[in-house]
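There are 2 protein chains.
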Amino acid sequence: MTHPPDEDGYELWLRYSSPRDPEALLRLRQQLSAVVTVGSSPTLAAASAELRRGLGSLCGRAIPAGMDPTVPGAIVLAASGAQVLNAFGVAEKLHGLGREGFVIQAKADDDSPDSSLASGLWGGRTLIGGVTDVGVLYGAFHFLRLLATGHDVVDISVASEPKLALRLLNHWDNLDRTIERGYAGFSLWDWQKLPDYVDPRCRDYARACASVGINGSVLTNVNANSLVLTEPYIEKVAALGRVFRAYGIRVFLTARFSAPIELDGLPTADPRDKDVQAWWRRRVDNIYRVLPDFGGFVVKANSEGQPGPQNYGRSQAEGANLIADALAEHGGVMMWRAFVYDHEVPEDRAKQAYSEFKPLDGSFRANVAVQVKNGPVDFQPREPYHPLFGAMPKTPLLLELQLAQEYLGCATHLCYLAPLFKECLDSDTFADGPGSTVARVIDGSLQNHTLTGMCAVTNIGNDRNWCGHPFAAANWYAFGRLAWDHALSSGDIAEEWLRQTFSNDKRFVDPALEMMLASREAVVDYMTPLGLHHLMAVGHHYGPGPWVNEGRPDWTSVYFHRADAQGIGFDRTPRGSNAVEQYPEPLRAELADQARCPEELLLWFHHVPWDQPLASGRTLWQELCARYQRGVDAVRRMQSSWGDLQGAVDAARFVHVENLLRIQEQEARWWRDACVLYFQTFSKRPVPEGYEPAEKTLDEYRALRHYYVPGISNPFVPKAPRLPAKSR
Amino acid sequence: MTHPPDEDGYELWLRYSSPRDPEALLRLRQQLSAVVTVGSSPTLAAASAELRRGLGSLCGRAIPAGMDPTVPGAIVLAASGAQVLNAFGVAEKLHGLGREGFVIQAKADDDSPDSSLASGLWGGRTLIGGVTDVGVLYGAFHFLRLLATGHDVVDISVASEPKLALRLLNHWDNLDRTIERGYAGFSLWDWQKLPDYVDPRCRDYARACASVGINGSVLTNVNANSLVLTEPYIEKVAALGRVFRAYGIRVFLTARFSAPIELDGLPTADPRDKDVQAWWRRRVDNIYRVLPDFGGFVVKANSEGQPGPQNYGRSQAEGANLIADALAEHGGVMMWRAFVYDHEVPEDRAKQAYSEFKPLDGSFRANVAVQVKNGPVDFQPREPYHPLFGAMPKTPLLLELQLAQEYLGCATHLCYLAPLFKECLDSDTFADGPGSTVARVIDGSLQNHTLTGMCAVTNIGNDRNWCGHPFAAANWYAFGRLAWDHALSSGDIAEEWLRQTFSNDKRFVDPALEMMLASREAVVDYMTPLGLHHLMAVGHHYGPGPWVNEGRPDWTSVYFHRADAQGIGFDRTPRGSNAVEQYPEPLRAELADQARCPEELLLWFHHVPWDQPLASGRTLWQELCARYQRGVDAVRRMQSSWGDLQGAVDAARFVHVENLLRIQEQEARWWRDACVLYFQTFSKRPVPEGYEPAEKTLDEYRALRHYYVPGISNPFVPKAPRLPAKSR
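As given, the protein sequences belong to chains A and B, one line each in that order. Mapping to our numbering: the first sequence position 677 is 677, numbers consecutive. Mapping to our numbering: the second sequence position 688 is 1416, numbers consecutive.
Please note that the accuracy of each hint is not assured.
[As the list claims (entries may be wrong)] Here are the computed lysine to any residue pairs in the SDA-like style, where the Cα-Cα straight-line distance is at most 20 Å: (1) A/Lys726 x B/Gly1033; (2) A/Lys351 x B/Ser1455; (3) B/Lys1234 x B/Gly1375; (4) A/Lys719 x B/Ser1455.
Since the hints were derived computationally from the structure, they do not count as laboratory data. For clarity, every value in this text was computed on a predicted model and none was experimentally measured.
Start from the sequences and build out the full structure, keeping to the hints where you can.
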């Protein structure tokens, strides 16, 4: 089997591969002759450079920068106010769009007969018009996307603007370049050599982000290090910011609440303390002096050991407002995370963020957005939507997603996450009656906010292919596309990504698309089916540990699955923790009713007897086993589908995916067998027929230890007796 | 200024760039038609693949694998025993070489008149013959090197074999992928995905190593982790070993002396304990079962906190022999490090290794080699050679070098190390009269050893260009070339590397070569001139800290420079620590005599009065200042030379080097000013005229703190008061 030339994945979806069909290639060459930029700015230069790079690669010949916007085959770049927009009749259309909006308009020459179009001899031109320069850049990337996915340039007429103002990546990158929950190598930010040397890869990162409309990058871990707020680091941050700026990307940082104490020895970090307030103003002023378009902060406070306003008896709102006030005059945004819970609070962990934040609605400054994870626990393979969405009408809420597959197989498992994201976005909060989706909450249309956004914990590291698994970049891509337009479908996004990343060949695209779309459900099935959640091993989030029952209760597995002789699942009905009360009617009643609760969330909300019959006719126990098996089977189908695609993609990426699927299949079995064997100690029921025997015993699974799993520090620390002192 | 296309440095010196001169290109095309392999093995396949890749790239057209060794332009690959060797008349020549040796022989066709050669119409063929398959591989790489550096294929007649048996890289890589003293990113070994997925980069690593004759790779840090000896990790190690095998590279590991306790709960690690002996045999047998060509171990014992035989009152030799016995039946080598010192021992740190190891000469097993650093302290910019060389005639000694510039500016400073290496290799130990160089000690010719070798702590990480600084790969290259043939000159090696890495254009090569050859002396001058050593900042080895005087005395700077009101330098004459006694006569007397001691080692061996006149006519104080200034000036000359080369190399690498030289110039000034200001507090003398004023005050230099410097863990740990408990 012959393959196309090896690729290492570095180019991501920006490969701009020439069509293999000679006619299609000829047509591109006829249609595209020169890139003509009206005006000048770093952003317009970036747009032009990208077009020349992309069109040159698509056409297999250099596309020059031209001067004359009337030449046939010209691609004309212009922002609002340019005369040329009138010639294309788009000035009006552009007027209706926000500052990041763009139009792309093909225009036949007035004197060219229709027949020349039909013959493929295109005498026309294409305008890429932006409301501002960055709109032009987005239009350029969109134009390239259309061509790279096989659209005909003659047909293009697009007007587009983002539905959300903030479209951000959260890098949980530490200053030592390790990444919390990073599975694709180490941080791109080489703090040691910044600001004097900026790795060219940082520009390629910005290109990739801009190509899908991402407009902000939070450089540092939410478990924050105050050192980044010192002047030497701000210089380093600014060096990155200057590279990103041309691509419309603003830099954000995480702020550690106790920084005034840690950096300058203040006796307190109390938000009501005048010196503390002055400290934040001074620090923020310093940042803006060096980086005038600094975006703002993300803060994780009073959660998982981070300091916060509650150390001083102040509310989360007071804490947020302290820093928001320092940012306000510079236009900076304060993103305050609602991911809070406390093992000393007896309340169901899934309820605590709502309990704590809902009463604060209305008490935040205008430049504060509360950042809410998609579900109420923590980035599990499946969760119900977070009940805060819709419940804080006076507060802008940002949706926080996770691209790093912390609980979904890290960068080793193929798992396309857009279906998970869409599940949340499409959830109905009923906040203003039916149709009040999470998407409409976060885009501001439901509750009339202009501070809107989505952010995602990235899966990006310094692995050559950026995200580790050759398919993992699809999640970066999908996040950007959905943040731009949450109405796009998972399938359409996946297809776009596949065509640009691998091939436009339908014989490749169709089966690969099927793999991607089935992949997230496969992970749910072999890890946490039927609404189970938080079953992972201790100390790291890799591999199964349903037996985990030591340490903080709300970090154990038994806290969440509650398996016993009667059944399994967390009773969150009024008979249990009553988490359902945080959801609006009519959803609340549906979730609270075991018979009506969707099966995929059944054990999230209910403790269900082992012999309870389910929709399939199987008992709960049988269904649980069947789902675990189904998950493994789905991975094997992926292996088989991928095997059939040998030759359709290059050997390097083919083998990479093939090997990782082999690991995924092993680990799917590991999850299945460890969980089924463990739950069987409660159900006392036989595993149904047709189910493969487990490879190891439960004790063997429990005895497995994994050290140095990426994304977290879990060193091998042998329990060894003290050695005798050295003697000679 | 136009540049050649951007390169990222990944290809190292294996770029195989076509000659720009059309005649030279035509000549190559005429001379090279097909690669014909006689016999088959993974190693021959690797040789053939590399030749086709390299010759294809050099010729700008595909070079096929052929079947007929008689076709004009054939490059014939064959190992001993093949019939074709006779046709080239090289069978005899090959017979005289060791198993890794090779010949390359061009042969005109018998019937081709001389005139056709003169006309450039080469009807001949080229043989690359190896004693074994790996010899063929080395020959293939050598042939490519000759062509890539501009040699004419018609002229080639080479016979070569390595002077040393072991030519090893030491990776100080931890299992969490951090690298101790690693300045070019993180470990290439992705333990998490091994053995199921092996990054293709590992093969490219093996190619690069093999191209310069490196035949072993010690995968793990000498500060060892016993986990690597467990079965799951041995499987991972073996996966790498299988990739390396085709390239003649064997895998080695570091062993932690207390592993029997840590892994299996043995009550002791005493080398005389039968269970401990059995434990090592069992573990080693397990390794060889999985990896039959495993190379052996490196052990750091009873040094810097590592456990060792002295914890049980046993000698270093007994410790080495314990593990050597387990390895012996498999042909494995035990490399035992002589880098030992103890702050509880009052003796001069520079003397301790000699004191401890010399008495052990003759008590090591035959498969033990004692691994000795080039100098008696620790990889300083300049040290005298280690006095153990020549002093242990009955023991094979390996020379340990460091490519990672732990004390020479990390991967930020341009510093070509071959002159440092050669300085050691060419040092005369007088062990068997004049001419008893270190090179002759380690190649076994002086004291009749066959277990011979050199190893080097690598500077390789997962940075795209492998070694961080675009010039740092020259040190990897030079190490391999010198390990193959220590008689090569620094200049010849540098020129080879430059031609392959950048360009054959003399207008580039000459000035770049001059930069490289001057670079190490520049570092000595701006960091530690005149024999000074160990002046770096505390906690990491980055930046100056001549004032460091806290903690372990033998880790302070004041221990080594001993500056006082009278003068500066460590008196190692008989009036002082008498370290000179470890050196043989006549060297001993020369070093002990301040008037005869080479100036570049003056303060290593002598405490010299500030006003002592030196060869220049300047006083010591004046000379010290002059040398520091000279170091800075040398960096500025490098900047200027490099600036002149814009356009001669691609823009990406040009800018990278340019930016790093800017950092180097800043840091050279930092070293100069911090050291001169500090030493001035003792000398009380004015800085001579013509010396630039320091940018900061001494107190400001002393107050600088650097966190998260690569290569070591030095986190920012703020001294902050405990926060009040959370309350709501």
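Do the hints match the structure? See the list:
Using a Cα cut-off of 20 Å, the hinted pair lysine 726 of chain A and glycine 1033 of chain B holds, with the two alpha carbons roughly 10 Å apart. For the proposed pair lysine 351 of chain A and serine 1455 of chain B, the alpha carbon gap of about 19 Å is at most 20 Å, so the pair holds. Restraint check for lysine 1234 of chain B and glycine 1375 of chain B: the C-alpha separation of about 14 Å stays at or below 20 Å, so the hint holds. Using a Cα cut-off of 20 Å, the hinted pair lysine 719 of chain A and serine 1455 of chain B is violated, with the two alpha carbons roughly 37 Å apart.
When each numbered hint is compared with the structure, a violation occurs for hint 4 only.
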